[in-house]
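Number of protein chains: 4
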Amino acid sequence: MSINTQVKVNSKQQQKQLENRGCLLVKCPDKPGIVSVLSTFLHNHGSNIIESSQYSSDPENGIFFIRIEYHRENLLIEKENMENDFRDIAAAHDMEYDFSYRNDRKRSAIFVSKETHCLMELLWEWQNGDLDTDIVVVISNHEDARPIVESLGIPFHYIPANKDIRKQVEEEQIGLMDKYEVDLLILARYMQILTPDFVRHFESRIINIHHSFLPAFIGAGPYERAYERGVKLIGATSHYVTNNLDEGPIIEQDVERVDHRDDVINLKKIGRQIERRVLAKAVKWHLENRIIVEGNKTIVFH
Amino acid sequence: MSINTQVKVNSKQQQKQLENRGCLLVKCPDKPGIVSVLSTFLHNHGSNIIESSQYSSDPENGIFFIRIEYHRENLLIEKENMENDFRDIAAAHDMEYDFSYRNDRKRSAIFVSKETHCLMELLWEWQNGDLDTDIVVVISNHEDARPIVESLGIPFHYIPANKDIRKQVEEEQIGLMDKYEVDLLILARYMQILTPDFVRHFESRIINIHHSFLPAFIGAGPYERAYERGVKLIGATSHYVTNNLDEGPIIEQDVERVDHRDDVINLKKIGRQIERRVLAKAVKWHLENRIIVEGNKTIVFH
Amino acid sequence: MSINTQVKVNSKQQQKQLENRGCLLVKCPDKPGIVSVLSTFLHNHGSNIIESSQYSSDPENGIFFIRIEYHRENLLIEKENMENDFRDIAAAHDMEYDFSYRNDRKRSAIFVSKETHCLMELLWEWQNGDLDTDIVVVISNHEDARPIVESLGIPFHYIPANKDIRKQVEEEQIGLMDKYEVDLLILARYMQILTPDFVRHFESRIINIHHSFLPAFIGAGPYERAYERGVKLIGATSHYVTNNLDEGPIIEQDVERVDHRDDVINLKKIGRQIERRVLAKAVKWHLENRIIVEGNKTIVFH
Amino acid sequence: MSINTQVKVNSKQQQKQLENRGCLLVKCPDKPGIVSVLSTFLHNHGSNIIESSQYSSDPENGIFFIRIEYHRENLLIEKENMENDFRDIAAAHDMEYDFSYRNDRKRSAIFVSKETHCLMELLWEWQNGDLDTDIVVVISNHEDARPIVESLGIPFHYIPANKDIRKQVEEEQIGLMDKYEVDLLILARYMQILTPDFVRHFESRIINIHHSFLPAFIGAGPYERAYERGVKLIGATSHYVTNNLDEGPIIEQDVERVDHRDDVINLKKIGRQIERRVLAKAVKWHLENRIIVEGNKTIVFH
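Chains as they are written, first to last, in the UniProt record's numbering: chain A, 1 to 302; chain B, 1 to 302; chain C, 1 to 302; chain D, 1 to 302.
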């Protein structure tokens, strides 16, 4: 990573290709012919399906989910037209759906506290051109991350926080989210609890990294409790934030082997490596519109 | 596993469901509208798509591959009709394709030598109802496996083999393959080399397990050579057999960690665990028609 | 695995080597000079240290644990002498200790219910000569496992069980444990709860396999609950049984990746593979005297 | 990671503890009593063994290796004395040995080319206090890494390199190695070949990261070749550099799963994650004196 350096810019040709890439997510009652309807619609609108993944919760009377990535010449010009034409189809089949475009990069905010390893990983992926987002602001209740964030030309806001001033802190945070027009809020080891109001404001748009293999060790001090229990693997979990602490829909999890010689300090060191990669994967999949939340679970189309 | 016991039989209802399951594999030049054509065809023939996976080797001028699993009432009666109707579509789009039916179980033969761990794993999966095949014959150049094989009611043929009598051994083997109408030949640590003629006879229908992480340690003595080289992981590779030794299309690979304390005997012990699961996975995917061979590679639709 | 076949017998030379192998486990207050005392004792008694692992819970005022494997000519003749001489050393340094001999194979009993995959794995390892134990009896509340167990020449006892007759069932089981002089009791998916009295009778000598990544999903139905929670990895845990359900000292854990497509049936299939290998490892380490239980944790010397 | 910031400094108390930590590596012909001799020596010199690992290449007539980490009050004052006293013991038992002290931090140089991910990982670990070394200089044939390196206060030297000027480049590099008194040279994706003279100069002190699972794909373009071969796992290997290209003693390896959809660009992205962690582990173990090179293999005492 070099500081004061722009994110790797794709070549003009690559950009041209990406601006003609679209993604359609659909959820509807399962019945025969859905794939035919969707693929025929896209074909009639000059689109070529590049990637398609589907899932049915139950062959009989289940819910059908599909993610289609397609290429269409002059997509930016035609997309409004396509979306309009899709309305009747959606209504006829009772579809919930979402059109998104590679050219419309999501705008991300990162919240962080003292530990910066998850922030660093995201910045590193972003600089490599591997996170398809604009990181528009970093907010922290500590000053530690300021130098690296500002060196990359990203606005950094220091907002001290504690439970007594939570309401006023969140107002300030929401103000910044609005100002920066944030689509996705990433909690990269932000160690403050968010109020139900705040969470509702950003429903299904907050991704957290929890430093345990959920549902083991919900809540505070997971490494300390993993040590006490004598587990032989420790893990980390990225999930969407809901108002049930650490119980939101899980996006990704991973583990590493530990043994009796690993004290809590070591568990935290090993854990940092897991947290970094688990959060980065979850964020990447969200940005690529690969995740559908269904109830308290996620469908992740790899 | 209990001996003298039939494979777990699915309930009548399950069997009914399975007999209406079909799978269509297609390979053709990529162009817009292929998914639409296929899904519309299936819908028009009363079929509901249950699972679909696709892959395009290149967005422009590439080759398109798709696997579709579908459900259709009375499939066994209608399938001939469907296949007939598909011919025009296939011709129009230059498709190679394959229709298969869950009800038509593939017939497998297993070749084994002295080491029976891979055979045992396959028999275990098969008895659990997790390998969707009829194991119609086991052939070995040793007698070790006879008791367990025969206790399961599977014919066992002992055919001693060495390089001087290869031709006549293979004639006998081919005779048995024909007699038992074998669709898939599994080399479960069969330690004899097959002649080009034999391999050609069963092209893309022989799965082997090689006891190394290919392309490292091609040929004989891979564990000995892994030990000499001081690698920190050992592996196993399942692949289709071609006439280039250990260079056929790879289906699955896996590894385990080892260290300086592991001598060759230990490497072999650890390796047996890897070989067992890697071969079982490859066989299962083949039986579920999840694999397309393209050039010297496989596309595996999980 | 071939039926009606003896466990692979080591060559006479190997047996000769093994009968001169001993293992010494020591636990004592940590202080300088312990390793010197122990290694000098062994050297003075003609023993050569082959493998040694140690662990100190805390560099200052901690507890010291060591496992030493050694070779001594004529060990079987000299061992009583050595053990006698060691008493003074142990007293002087406040040591708890255990001498064991490779030649004295532990006697194992296996309890199993309807699902036989863990039993099968143990029998397979045992037949390969990889489990250094005599399996002296298998007890089950179902008849499923009888044919395979008896075909290997191992006594099989069918004892139907349910919570109303628990006391009398356990009396019968304890009677058999005594009769067969059992050192280790392996619960290979035995689905009955054991009473506190029974557990106390075999303290630190019962190994269980729990079909979840503990402490997640303690108790019944872990795969069902893992499915409900939408976890992305499932696991299994082998542990010593105590009178706190699923809370005994953990010996080994492992996980496999799953995704939204895996229903409960699939989770169980995948889980069976994890359970098999996790239980087999734990049993092997116990038999090799590699495990020291300390509080509610294990120290496992690999 | 924050720029312009010093590496996390351990508290005075921690430093005090570390300055009394020593490590002794010994290699000698195996015979009874070696552990006794060494542990008694350390005890007599007031040292308490904290961690000890040993390995014997063969129980009979093998070579014995041991790593002992110990604590001794006033070690920095006593160490010369201890080393002197050890000479007779070493001579009597034909030992090769090495005393090292946690207080004497090794001095590392990093060579890097255009790809900075491995460099970044090392800097990140170092800033977290997890790499026990002084990074005294970074040398590159590109300017990319200069800003981040200099922002951390580490000297950066740009030395353009190509095969025509190799001799003069290496003279300059050796000059800098001497000037900065470098103990360890880390090739963090340095894409130039080193001459035999250069390698000899730093025997067993150069660690490289090769971007494949050696011995598969020795030499250039490993990801391209992995793609061509259709492997299902890709890997990375850290090893000591010798004058046989990519054939030096392996320190650590790891792999990640890939599939048919991963093109070469993707393999490289996935590979970067493996390279980062594999190199960081190898460097850490070297710095902690956990590695003994024996022939073309490593013994790594974890």
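One or more of the hints may lead you astray.
All copies of an identical chain are treated as equivalent in the list; a pair is satisfied when it fits inside any one copy or across any two copies.
Claimed, not checked - Here are the simulated SDA-like pairs of lysine to any residue, each with C-alpha atoms no more than 20 Å apart in a straight line:
1) 179 with 156
2) 79 with 259
3) 106 with 43
4) 163 with 269
5) 163 with 199
6) 163 with 197
7) 281 with 254
Don't read these hints as lab results, they were simulated from the structure.
Checked against the structure, which of the hints given earlier come out wrong? 2, 3, 4
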